Amino acid sequence: MFPKGTKRKFSDSGDEPPAGSDDVNQPSSAAVRMLSSYSLQRQSLLDMSLIKLQLCHMLVEPNLCRSVLIANTVRQIQEEMTQDGTWQIMTQALSAANAAAQCSADRLVATEVLCRQTEAAQGEPAPKPFPAVGSEGCSAEEVVVVEEEDEGVEGGVIMSTVSPQAPTAYLPSTFGIDPCWEEETGEEEDEDEDSEECASGSEEGDNDRLVEDSRTAEQVFGTFEIKNPAPSPDPALEELFSDVDASYYDLDTVLTGMQSAPKMGPYDLLESLSSHGPSPLSSSTSCRSDLNELDHIMEIIVGS
Amino acid sequence: INAFSIFKNIFSVIASLCFVPADIISTVEFNPSGELLATGDKGGRVVVFQREQETKSQPQRRGEYNVYSTFQSHEPEFDYLKSLEIEEKINKIRWLPQQNAAYFLLSTNDKTVKLWKISERDRRPEGYNLKDEDGRIRDPSTITSLRVPVLQPTDLMVEATARRVYSNAHTYHINSISVNSDLQTYISTDDLRVNLWNLEITDQSFNIVDIKPSNMEDLTEVITAAEFHPQQCNTFAYSSSRGSIRLCDMRKQALCDTHCKFFEEPEDPSTRSFFSEIISSISDIKFSHSGRFLMTRDYLTVKVWDLNMENKPLETYQVHDYLRGKLCSLYENDCIFDKFECVWNGSDSVIMTGSYNNFFRMFDRNTKRDVTLEASRENSKPRAILKPRKVCMGGKRRKDEVTVDSLDFSKKILHSTWHPQDNIIAVAASNNLYIFQDKVA
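Heads up: the sequence lines are chains W and S, in that order. To convert, note that position 227 of the first sequence is 227 in my numbering; the numbers rise steadily by one, no gaps. If you want my numbering, it's the 1-based position in the second sequence plus 1000.
What follows is a list of derived Cβ distance ranges for each label pair:
| no. | chain 1 | residue 1 | chain 2 | residue 2 | range |
| --- | --- | --- | --- | --- | --- |
| 1 | W | Gln83 | S | Arg1324 | 22 to 30 angstroms |
| 2 | S | Val1404 | W | Met34 | 22 to 30 angstroms |
| 3 | W | Gln41 | S | Asn1431 | 35 to 43 angstroms |
| 4 | S | Met1309 | W | Ser28 | 44 to 52 angstroms |
| 5 | W | Tyr38 | S | Glu1315 | 33 to 41 angstroms |
| 6 | S | Gln1232 | W | Ala31 | 54 to 62 angstroms |
| 7 | S | Arg1292 | W | Ala31 | 49 to 57 angstroms |
| 8 | S | Gln1318 | W | Gln41 | 19 to 27 angstroms |
| 9 | W | Gln92 | S | Cys1260 | 43 to 51 angstroms |
| 10 | W | Ala96 | S | Ser1167 | 47 to 55 angstroms |
| 11 | W | Gln41 | S | Glu1378 | 32 to 40 angstroms |
From the structure, some residues in chain W lie toward chain S, with a derived Cβ separation under 10 angstroms:
| no. | residue |
| --- | --- |
| 12 | Gln41 |
| 13 | Arg42 |
| 14 | Ser44 |
| 15 | Glu61 |
| 16 | Ile70 |
| 17 | Thr73 |
| 18 | Ile77 |
Quick caveat, the hints were computed from the structure, so don't treat them as lab data. Computed from a prediction, not measured in an experiment: that's the story for all the values here. Using N, Cα and C, we set each Cβ at its ideal position, and we do this for glycine too.
Sequences are here, hints too, so could you generate the full structure?
Now the structure itself:
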C-alpha cells in the first residue's frame, strides 16, 4: 500500500498514494496533502468523539440519544478506517506498544492521540502512529489520570488502558461505553448494574466494573475503562503517579469549566492535558484550589 | 386572517417579557382554545398565561396575555438506587381539551408525568353557624339562630392541584407526551419505549413500543418523539435518531413494534459526511391539524410528509442551510445536538421553527415564501413591527444583514407554539417569553 522506498510520514498513515513505487512517481503533493488533510480531519473527529463519549460518563446521567449518535459517528469512522487499512495499522501499533510497555500504566486514550497530534503538529515524521507509546514505557505525557482510592474519588475518573491483549476483533458495536447506556438493573449482564454509577458509585462498584470492562476492552479500542492503578514496583513510576495527581485535579477543573461553559471544546481539554504532559509537577497552591474544585464536583455528583 | 399577511411584516409585539421567569423556559404550549398559554421551565415551574378578554373600554388590550397561575410542577428528585439526580426540568406540557370549568394539563420531567387541574375560585361560602368570618370558632352558647351559608363573590383565586401522578414507568428520559383524541388515554415516550396510559389510572401503563435491543451494545437508534394522530385515536407516530418515522396502528397488535408505515428519505450521497446521521436525527414531529400531514424537524430542515407517501417528504424547507459548512464546529460545541421544535399554524398553511441568534423562521406552504424574524429585547417594544432578518453567507454584507460567523449560538429558539386559530405565536428564547401577533384586526 505504501510505495517502497518512501519514508512513511505520520500524516500519510491513512493514505494510499495512488501511484508510484519510488519517489519519482510520487503523486502530486497537492493530492497527498488533501488526502492527509482528510485523514487528519477524520482522526481529529474520531478523537473529539471519543472524548465526548468519555465526558458522557462524567455527567450525572448521560443523554442516551447523544451518546448513541456520537457512538454511531465513531463507528462510521472506524469502519472507514478499517476499509482503508488505517485501523489495522493503529491497532497493531497499539498492541506492539503494549507488549513493549514496561508498566501497566493507565493512559487516557486522548493522551496517545494527543501525542500523535503533537507529532503531526511538529511535523516530525514518526516511524509509526504512536511513537510516544512505544518502547519508552510510561512517560509523563501518557500517565494522566490516576484514581486514588483514599481520595474518595468515585466515578469521576476516566482512565483507559490499552488492552494488553492484541485486539483481534474490532466489532464496531462494542464499546466500553455501553454499560453507561444501560440503566436497568438486574436482568441484564453484570456490567449493567454498575452502568449508571459512572458519575458516582462505590469503590466496590468500580472494582466490579473493572472486571466486566476488561472483557469488552479486549474487543475494543481500549477506551472507557475505569481502573485502579496497578501497584507499580517501580519507585520512579510511583513518583510519576504522584505527580500526575495534580494533572487529574486539573482535568477535573477543566471539566468543571466545561460543564459551566459548554462552549469550551474538547480541544481545550486536550490542550490542558498536554500542558501538563511535559511538566507534570504542579505547585501545591494550584493543588489546593483544585482540591476545592474536586470537593465541589463531588458535592454535585453525590447531590449533598 | 390569512397567512399571507404574515409576510407583510406585520407581526407585532403584544406582550413580550411580561414575565421573566428565573429559569430557562423548556416548553411552551397553547391550550386547544388558545385562551391559555403554558410555559414550563428548567426549575420545574409551570406558568400559565390567560388571554385578556376584549372589552369596549380597553380595545387595545385585546389579545394580551397575563399571568394566570404559577405552580411548582416537579421537584428535583434523587434516585437512590442508581445514585442519580432526576432533573425537575419540564420537558413537555400538553393541554387536555376543556370539558368543564377547570383546565387540565399534563406536564412531565424526565421520569414522571403529572396531571394538573387549574381551577378558579371566585366565590366562597359565607355565613357559617359554627365559625365566624375569620374562621374562629363561635361560642355555641351565643348562637341563637341558624342561617344557611351562601356563596359570596370574592377576589379571583386560581389554584393548581396535582390530580394524578404517573410514575415509575420510564427507565430512560421522557421526551414526549401526547394526549389521544379519545381524551381518555395518552402516551409518554422515552428514548426506547412508548407507554400508553389511561388518564384515570396511575399505577399501570401499557408498553406499546419497545426498541430496546436485548444486547445494549447493539443499540444504534433511539426514539426522539411521538405523537397521537389528531383524529384517529388508534394511530400514532414516532420518530428516530436515524431520521425515520413510523406510523403505528394500535388495533393491529398490542405491541406496536411493527409499524404500519415507515417514512424515510433516502440519503443524498452527494452530501454525505460523518455528520449525516446526526443531522438527520429528528428532533420533533407534529401532525397537521387536518391529520393529513406530518411535519418533522431535523437539524437543518423541516419536512412535511404526506401520510400516504412513505418514500420521501412532500416538502422540504431549509431552516439554516448556511450551517452545513460548519457542522464540525457545531459538533465540537455540541450545538449539533440541539433539539428544535416545529409548529403548524391553525390552518396548516404556515409552519414555523426556531434557529440560532434568537431567529425563528416561518414558511408559507402555499406561496413557498419564507421569512426570518428575531426575538430580541431591542426589537420587541410593544406594538413594534418585527423586521425580517437575513443571514448572509459571506462576502459583501448588506446593511442589517447578519453574517454566519457573527451568529450567537448560545441564543437558540428551541420551543415555540402557535395559537390554534389566530395568528399569535409564543416563542421562548432562553429565559424570555415573546408573544407576537399580527396586526390585522
